[in-house]
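Work out the full structure: start from the sequences and follow the hints.
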Amino acid sequence: MNVVSILTIILIAVSTVCLVLGLVGFFSTKNKTHNKKGKKKHRLFLALTLFALWLLVGTLISSVYKGKAGLHIEFSLFSDRITLFGMSFAKTTVVMWGIIALVFVMSLIFRIFIFPKFDKTEPKGLQNGIELSVEFMENFAKNSLGDYSDSLAPYMYTLGVFMIFAAISELFGFRPPTSDIVVTFAMGLITFVLINVCGIKKKGVKGRIKSMTTPTPVILPMKILSDVAVPVSLACRLFGNMLGGMIVMDLLKSVLGGYGSGIPAVAGLYFNVFHPLIQAYIFIILSMTFINEAIE
Amino acid sequence: MNAIGAGLAMLTALGAGFGMCLATSKAVEAVARQPEASGKINSILLLGCALAESTAIYAFVIALVLAAK
Numbered sequence: 001m002n003v004v005s006i007l008t009i010i011l012i013a014v015s016t017v018c019l020v021l022g023l024v025g026f027f028s029t030k031n032k033t034h035n036k037k038g039k040k041k042h043r044l045f046l047a048l049t050l051f052a053l054w055l056l057v058g059t060l061i062s063s064v065y066k067g068k069a070g071l072h073i074e075f076s077l078f079s080d081r082i083t084l085f086g087m088s089f090a091k092t093t094v095v096m097w098g099i100i101a102l103v104f105v106m107s108l109i110f111r112i113f114i115f116p117k118f119d120k121t122e123p124k125g126l127q128n129g130i131e132l133s134v135e136f137m138e139n140f141a142k143n144s145l146g147d148y149s150d151s152l153a154p155y156m157y158t159l160g161v162f163m164i165f166a167a168i169s170e171l172f173g174f175r176p177p178t179s180d181i182v183v184t185f186a187m188g189l190i191t192f193v194l195i196n197v198c199g200i201k202k203k204g205v206k207g208r209i210k211s212m213t214t215p216t217p218v219i220l221p222m223k224i225l226s227d228v229a230v231p232v233s234l235a236c237r238l239f240g241n242m243l244g245g246m247i248v249m250d251l252l253k254s255v256l257g258g259y260g261s262g263i264p265a266v267a268g269l270y271f272n273v274f275h276p277l278i279q280a281y282i283f284i285i286l287s288m289t290f291i292n293e294a295i296e
Numbered sequence: 001m002n003a004i005g006a007g008l009a010m011l012t013a014l015g016a017g018f019g020m021c022l023a024t025s026k027a028v029e030a031v032a033r034q035p036e037a038s039g040k041i042n043s044i045l046l047l048g049c050a051l052a053e054s055t056a057i058y059a060f061v062i063a064l065v066l067a068a069k
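Top to bottom, those sequences are chains P and U.
Note that the working numbering numbers the first sequence so that position 46 is 46, with each residue one more than the last.
Note that the working numbering numbers the second sequence so that position 40 is 40, with each residue one more than the last.
Hint data in this document are derived by calculation from the structure and do not stem from the laboratory.
From a predicted model like this one, the values you see are computed outputs, not experimental measurements.
Cut-off 30 Å, straight-line C-alpha distance, at most; resulting in silico cross-link-like pairs (DSSO-like, lysine-lysine):
| # | chain 1 | residue 1 | chain 2 | residue 2 |
| --- | --- | --- | --- | --- |
| 1 | P | K210 | P | K223 |
| 2 | P | K91 | P | K253 |
| 3 | P | K201 | P | K142 |
| 4 | U | K40 | U | K26 |
| 5 | P | K142 | P | K206 |
| 6 | U | K40 | P | K203 |
| 7 | U | K26 | P | K142 |
| 8 | P | K223 | P | K203 |
| 9 | U | K40 | P | K142 |
| 10 | P | K202 | P | K223 |
| 11 | P | K124 | P | K142 |
| 12 | P | K120 | P | K142 |
| 13 | P | K223 | U | K40 |
| 14 | P | K201 | P | K223 |
| 15 | U | K40 | P | K124 |
| 16 | P | K202 | U | K40 |
| 17 | P | K142 | P | K117 |
| 18 | P | K142 | P | K203 |
Using C-beta positions, here's what the derived DEER-type ranges look like:
| # | chain 1 | residue 1 | chain 2 | residue 2 | range |
| --- | --- | --- | --- | --- | --- |
| 19 | P | E122 | U | F18 | 48 to 54 Å |
| 20 | P | T216 | U | P35 | 40 to 46 Å |
| 21 | P | I10 | U | S43 | 51 to 57 Å |
| 22 | U | A68 | P | N31 | 57 to 63 Å |
| 23 | U | P35 | P | S226 | 34 to 40 Å |
| 24 | U | P35 | P | E135 | 20 to 26 Å |
| 25 | P | I100 | U | I44 | 30 to 36 Å |
| 26 | P | F136 | U | F18 | 31 to 37 Å |
| 27 | P | L102 | U | N2 | 35 to 41 Å |
| 28 | P | G125 | U | M1 | 56 to 62 Å |
| 29 | P | N31 | U | G15 | 55 to 61 Å |
| 30 | U | P35 | P | I10 | 56 to 62 Å |
Ideal Cβ placement from N, Cα and C applies to all residues, glycine included.
Take a look at the structure:
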C-alpha cells in the first residue's frame, strides 16, 4: 500500500464519520430552533453535513478518476470543429442553432398557449415578469432612440435574450457561442449596418455625408475610422469578456480536479449568469448610443 | 518569449482600473449629492465603465492571441 491510498482511506473514514455526526446532529436539533442558539446549532450541523458530503464525493471521484489536478488548461481562440452532413461546422455554430430553435419554439409556445390565458386586468406571476422586461426595454429604447424605438426595441430584446441563453448554455457543458469571435463580430456588423441605415433614413445620403464632414472636411478620415472601429470594439469587448469567464471556469475546474463538485456551480452563478447579463446590457446600451449618435 | 509578451500586455489593466476607479468615485459623489438622480447616474456609470474597461479587454485579447500559440 502506498501513501496515496492510505490517505484516501483516512479521508473517506473521516468524511463518513463527519457525515453521520452531522446528520444525527441535524435531525436531533430540528425541533429546538425556537431560540437563536438552537437555530445556530442547527445551521452549523447542516454546514458540517454538506462539507462532509462534498469531501466524501470528492474523495471517491478523485480515487477513481486518474486525471491530474493542477494549473494546466488548454484553450483555443477558435472553437473545435464538427462534421455534419459532410460539411465542417464550428461547435459553437451548432450550439447557436440549438439556442435559436429553443428560443423559437419557446416564443411560439408562449404566443399560442400562454399569452391568451393572461389576465388583462390583474397581472400576476410570470405575466408580471414578462411585462416588466418588455416595458423596461421599450422605455429604454424610447429614451435613447426616439422615432426608431418601435422597430428597434424588439431587435434589441431578441439580442439580449440570445446573449443570456448563450451564456447559460455554458452551464450545460457547451462552449458558449458568444465566446467565438465570429458570432460577436457578426453581431457587431449588424449594429454597424443599423447605424448607417438609420442615419441615412433619417437624414438622407447627403445629410449623412454632411454630418461626417462637420465642422470641417478635414476630420472625415477620423470619422470614418471611428465608425469602422465601432463593430470591432463591440465584438472584441463581448468576446474577451465571455472567453475570460470561460477560462476562469476551466481553471477552477482543473484546479479542483476530482473535488470539483458543487463549488464551480456557485462560481458559475457569477461567471455564467450575472456577468453575461451585464455584458448583454452594455452591448445593447452601446448599440443604442451609437445609433442615437447617427440619427441625432 | 510569448508568455512574457502576454504578461506585459496585461499591464494595460493598470490604466483601465485607474479609469474605472475615477468614474466610480465621481459617481458615488454625485449620488451622495443628489440621491434622487441615482438611476440616471447608474446607467451613465455603467456606460463609462464599459468604455474604460474596453482597453483592458483589448489587452486581454492580445494576450490570449500571444499565449494561445
